[in-house]
Amino acid sequence: MSTTATMGEMANSAVEFYPKRAGGSVEVNHAGDFGVTLDELRDLMELRGPEALQKIQESFGDTDGLCQRLKSSTSDGLSDNPTDLEKRRQVFGQNFIPPKKPKTFLQLVWEALQDVTLIILEIAAIISLGLSFYQPPGHESEGCGKVSGGFEDEGEAEAGWIEGAAILLSVICVVLVTAFNDWSKEKQFRGLQSRIEQEQRFAVVRNGNVIQIPVAEMVVGDMAQIKYGDLLPADGILIQGNDLKIDESSLTGESDHVQKSSDKDPMLLSGTHVMEGSGRMLVTAVGVNSQTGIIFTLLGAGEGEEEKKEKKAKKQDGAVAMEMQPLKSAEGGEVEEREKKKANVPKKEKSVLQGKLTKLAVQIGKAGLVMSAITVIILVLYFVIETFVVEGQTWLPECTPIYVQYFVKFFIIGVTVLVVAVPEGLPLAVTISLAYSVKKMMKDNNLVRHLDACETMGNATAICSDKTGTLTTNRMTVVQAFINDQHFREVPDPSQINSNTLEMIVNAISINCAYTSKIMPPDMEGGLPKQVGNKTECGLLGFLLDLKRDYVPVREQIPEEKIYKVYTFNSVRKSMSTVVQMPDGSFCLYSKGASEILLKKCSGILGANGEIRSFRPRDRDEMVKKVIEPMACEGLRTICIAYRDLPCDPEPDWDNEAEIVTDLTCIAVVGIEDPVRPEVPDAIRKCQRAGITVRMVTGDNINTARAIAVKCGIIQPGDDFLCLEGKDFNRRIRNEKGEIEQERIDKIWPKLRVLARSSPTDKHTLVKGIIDSTVLEQRQVVAVTGDGTNDGPALKKADVGFAMGIAGTDVAKEASDIILTDDNFSSIVKAVMWGRNVYDSISKFLQFQLTVNVVAVIVAFTGACITQDSPLKAVQMLWVNLIMDTFASLALATEPPTESLLLRKPYGRNNPLISLTMMKNILGHGVYQLVIIFTLLFVGEKIFNIDNGRNAPLHSPPSEHYTIIFNTFVLMQLFNEINARKIHGERNVFDGIFANPIFCSIVLGTFGMQIVIVQFGGKPFSCAPLNMEQWLWCLFVGVGELLWGQVIATVPTSHLKCLKEAGHGPGTDEMMEDDMAEDEEEIDHAERELRRGQILWFRGLNRIQTQMEVVSTFKRSGSFQGAVRRRSSVLSQLHDVTNISTPTHVVLSTANASTAPGNAGGESVP
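Numbering (this note's numbering), first residue to last: 1 to 1166.
Simulated from the structure, these hints should not be mistaken for lab results.
Glycine included, every Cβ here is placed at the ideal spot set by N, Cα and C.
Among the hints, a few may not be true.
Claimed, not checked - Here are the simulated DSSO-like cross-link-like pairs (lysine-lysine), alpha carbons at most 27 Å apart as the crow flies:
| id | residue 1 | residue 2 |
| --- | --- | --- |
| 1 | Lys-87 | Lys-100 |
| 2 | Lys-103 | Lys-87 |
| 3 | Lys-103 | Lys-187 |
| 4 | Lys-264 | Lys-562 |
| 5 | Lys-227 | Lys-187 |
| 6 | Lys-565 | Lys-518 |
| 7 | Lys-601 | Lys-548 |
| 8 | Lys-443 | Lys-187 |
| 9 | Lys-518 | Lys-562 |
| 10 | Lys-187 | Lys-55 |
| 11 | Lys-439 | Lys-101 |
| 12 | Lys-535 | Lys-601 |
| 13 | Lys-264 | Lys-535 |
To be verified - Label-pair restraints from in silico Cβ distances:
| id | residue 1 | residue 2 | range |
| --- | --- | --- | --- |
| 14 | Arg-190 | Leu-903 | 19 to 25 Å |
| 15 | Glu-899 | Ala-165 | 47 to 53 Å |
| 16 | Asp-76 | Pro-494 | 33 to 39 Å |
| 17 | Glu-525 | Ser-75 | 33 to 39 Å |
| 18 | Gln-114 | Lys-737 | 53 to 59 Å |
| 19 | Glu-899 | Glu-525 | 34 to 40 Å |
| 20 | Leu-903 | Asn-996 | 17 to 23 Å |
| 21 | Ser-75 | Arg-201 | 20 to 26 Å |
| 22 | Phe-1036 | Phe-388 | 43 to 49 Å |
| 23 | Val-1012 | Ala-367 | 30 to 36 Å |
Using the sequences and the hints given, assemble the complete structure.
What follows is the structure, given as structure tokens:
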């Protein structure tokens, strides 16, 4: 007895002994004058559920006690006092996870030096340098035969070192340029990341006002308002919550949503997603001290150790400043992991383009290697036979250095051929083009989060768009209403409505809308009032203002704390209900939601004089026909508002929602208009012209959806199209067992234009169905727009996910590839234009690059074989390489996009990079250049009446003859660069050339440099100055390129049957490997840190399973498709069972069964 009494006393006197306890603890800890230390809070956040509650009670009494210790208030939050906030940052840390240090410029230089071809060149150059300083004794060198014929001139021998030095210099140039590019890329990436971070804001209460602050500015003690769709930016304790459900899969890997409440499990962790409900939390840990921060620190430390072990240079674009955004942290981590994968698994490339490019580069590299090896072998053999067999010389020891010098020279020629053959400018061109586009897309309201999304977008063949906010303005206004048995075509005058009914409407709307939704005065004079919060609710609140009533007094009378129970809106309920306790103790439930759903739960309706009359199914059908369908056919969303009185005794079972939200009385049905954005119909027309099908997927009524689709131009009268409801869609795509069948989806999706009343799962199923479909010869590339948390799976599954920057929830942004900062559909069209432009820029560059490669390699090869010396010297080749790689990639990759890009159909996934037209151009120009160069090489001295430069001995002075060849070669490339601006066989290659200042300045700059090199390059560049006449001839031949280009354009491509395209996507066997690489990627980080051994084991099993599946499938059907299909069907079932909201994080057991749901059946197949 006595013990319980003391317990009671303690509980009562708890308030009194806080101050003492707090005072006591200050002496103990020096954590400023807060009544709790950082470590205590950290320990507290490690606990869950009942343990945590017990700890709070033991240490602080209750959450209010903790609040007092942190000098915060549950109702007013912190005071906005800068010194107090600063102090909190010092004691408890900032809400910011420090980024990994970027690579220094020197590290990047070191990485660039790792390039194999460059290393070979460096070694060759150093040997050449060393040998040139070795001077054989003069009198004996005569015995070495004609080999040393060039040594008569003393000065010349001195200059032997120049070639080696020049090669080293050009290597340094290439390295610096590469390093600089990497560095600026990294810098841009960080800039982009920090921009994404600054955009993430969160609602906190300070001085009793709700304000939005950047996530980084949150401090311990802040009172944060959390709502559906938020991604929690810090750890905290729930103070008050309504029906709050959290997805903690990013931390725990459990996909079930966890119910949170202040009396059962109040612990909220950073990085988790709010899937339902709303509430207020007290922030208790930020930045490095939050749960995500701790995992991050572990990851960072783990990585450091690993790097020491591996000592491998890896490019990490993803090492980015992470503001305390668990989302980012997961993201940044993933990017880094991916980058590591890229270093190890070259084939794992999500982007279609990169897959094709890697393959092409490898093919070209191999060819170059073979050519250069043959060149060296032929040169060496020729020299040996000529010297020792034909002339019968014997190998004299004192002649060894001279012979070795010859061999080094041959080796250098071989390496030069290789350098020119390998298109190392390709990755550079891709990077420059993407980085340039991303920068420019910012201006077009596209914030690109993943670089390759921008290029994938150019191939898009289908867009599945949300309706609300994307196609429409998301400014909801009530324009029609059905009240007291009257259908008002416009907002009624308050005098036309029964006064009791009006009161009911005011209460039902004011209380049963989230208190975060409000209508603020306009920013500008004469502007529209600002809608803050949920737009549909703002529309209803606006309706009250139109009825000359105000919602604020009602909310002041019943503040949020007094609300008894909330059933928040979610995609399954499609309604929201709030329960308040009346003064007499009974309860009143207000409900609002989609009219056809809510009317089914109504048994009464307020009639003409405000009295309740019964509402039978027959009445409902009549109402649907006479009121709801006409409203919906005008494109209005219909919302039903209803209420129900509940007794206090016995108190209803609030958890049994089906029993509570039923037997309602309908107060009114309102029609809300959400006008179509004025620029959308035009944007959709552009998409359709560009060969992209736009589909609308919405949660709205089918009639509303159809009306809006007609207004937007998604469906035209007379077209053959389908508009389905989610229910119908599901019935049609499932077999008797209820499993989804791809064949059934294939019958529907080509004609489907509108999917209404759809759930997030339907959206995901549709996207997956279109992507996996093999009905059309081109595999579909699907873009999806979404704003809600429930769109996450579909956004992740899509080839490109667009999230709304303004209306989008954090979860949607997290799953997306591109964020539309103005939520506007027409920005998607801009993204398509930029994507196609990237693809075309790369093709232009390839067309130019390959012409140079083919010509340079053949010239060096045949020249070496016939004249024992490459007509183009090593240093000259490096200069050509510099123009064609670095400068050309800059010039051609920065072409601005034009509207004409939207006039062609998408290329599709399997389309080769090098089309027939391009192949024709490459070969045509190659022939022209080779004819000119060989003419100059073999009869040039007669034409220009100059000395023959062929068969010159070692270290002989540069000849005019070879200078002319070099100069002509470079000028032909310059003019061909102008030809390369068009790849579809257009006639006018100068079209829009002045719109690209970079291009003009590079062409002119290269020309200027060429003049300097030829006239003043001298020995290092093996150039002799040319006179005016020779220069004019070189120019004339160069300009001939442009005329020849017109000739080539005249030849119809269709006649050239013999040509073959090149640069297809990776083949089937590689896809399978891609698949496996993907498996590895889907496992979550914390898991990777904590259970590395386990994961390796699972991975092994997974590999074996996949391989066995492949083998067995090949045995059975001889086809690869079966395996993928079988896997995807297993996965789709898995997915439907669990409906995991963020498919990236896989519970290990599923990882064991097969790949992650997010990668159902080979998402990585390009």
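Hints that the structure is at odds with (numbers, increasing): Violated hints (numbers, rising): 2, 5, 7, 10, 13, 14; every other hint is consistent with the structure.
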